[in-house]
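S.K.: Sequence:
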Amino acid sequence: MEVFIFTFVILIVVVAAMAIGYMVQRKTIAGSCGGLGALGIEKACDCDTPCEKRQQRMKKEQEWQQNKII
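The sequence shown begins at 0 in numbering that gives the first Met the number 0 and counts up one residue at a time.
It should be emphasised that the hints constitute simulated quantities derived from the structure, not laboratory data. We put the beta carbon where it would ideally sit given N, CA and C, even for glycine. Careful, some of the hints might be misleading.
Listed next, the in silico DSSO-like pairs over lysine-lysine satisfying Cα-Cα at most 27 Å (straight line) [as the list claims (entries may be wrong)]:
id: 1; residue 1: K26; residue 2: K58
id: 2; residue 1: K26; residue 2: K67
id: 3; residue 1: K52; residue 2: K67
id: 4; residue 1: K26; residue 2: K52
id: 5; residue 1: K26; residue 2: K59
Distance windows between CB atoms, simulated [stated by the list, open to error]:
id: 6; residue 1: Q54; residue 2: I9; range: 40 to 50 Å
id: 7; residue 1: V12; residue 2: C50; range: 42 to 52 Å
id: 8; residue 1: Q54; residue 2: G20; range: 31 to 41 Å
id: 9; residue 1: R56; residue 2: I4; range: 39 to 49 Å
When you get a sec, could you build the whole thing from the sequences and use the hints?
M.R.: If you want it as structure tokens, here you go:
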């Protein structure tokens with residue numbers, strides 16, 4: 000039972016540290032794999048020009064890229 004409590008306390012400490020880090024920096028967590036860009040694919044749709052919804056999403060993604068944690 001002591002091992003369970005010790006492990007649980009360590010888990011809570013790690014989660015609290017991550018929460019404090021997020022509150023202080025206010026940046027989103029970014030993945031390291033690169034997604035479709037790593038495969039050489041620039042966009043997921045086949046359109047020459049993206050629709051309005053896609054343009055809005057791309058604008059939000061650019062804002063997120065500026066605020067991401069390296």
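S.K.: Determine for every hint whether it applies to the structure shown.
M.R.: Verification of the supplied hints:
Proposed proximity of K26 and K58 is supported: the alpha carbons are some 17 Å apart, at most 27 Å. About 5 Å separates the Cα atoms of K26 and K67, which keeps this hinted pair within 27 Å; it holds. Between the alpha carbons of K52 and K67 the distance comes to roughly 22 Å, so the proposed pair stays at or under 27 Å and holds. Between the alpha carbons of K26 and K52 the distance comes to roughly 24 Å, so the proposed pair stays at or under 27 Å and holds.
A hinted pair counts as satisfied when its Cα atoms are at most 27 Å apart, and K26 with K59 qualifies at roughly 14 Å. At about 45 Å, the CB distance of Q54 to I9 agrees with the hint of 40 to 50 Å. In this structure the supplied range 42 to 52 Å holds for V12 paired with C50, their Cβ-Cβ distance being about 46 Å. In this structure the supplied range 31 to 41 Å holds for Q54 paired with G20, their Cβ-Cβ distance being about 32 Å.
The supplied range of 39 to 49 Å is met by R56 and I4, whose beta-carbon atoms lie about 45 Å from each other.
Every hint, counting from the list given before, is met by this structure.
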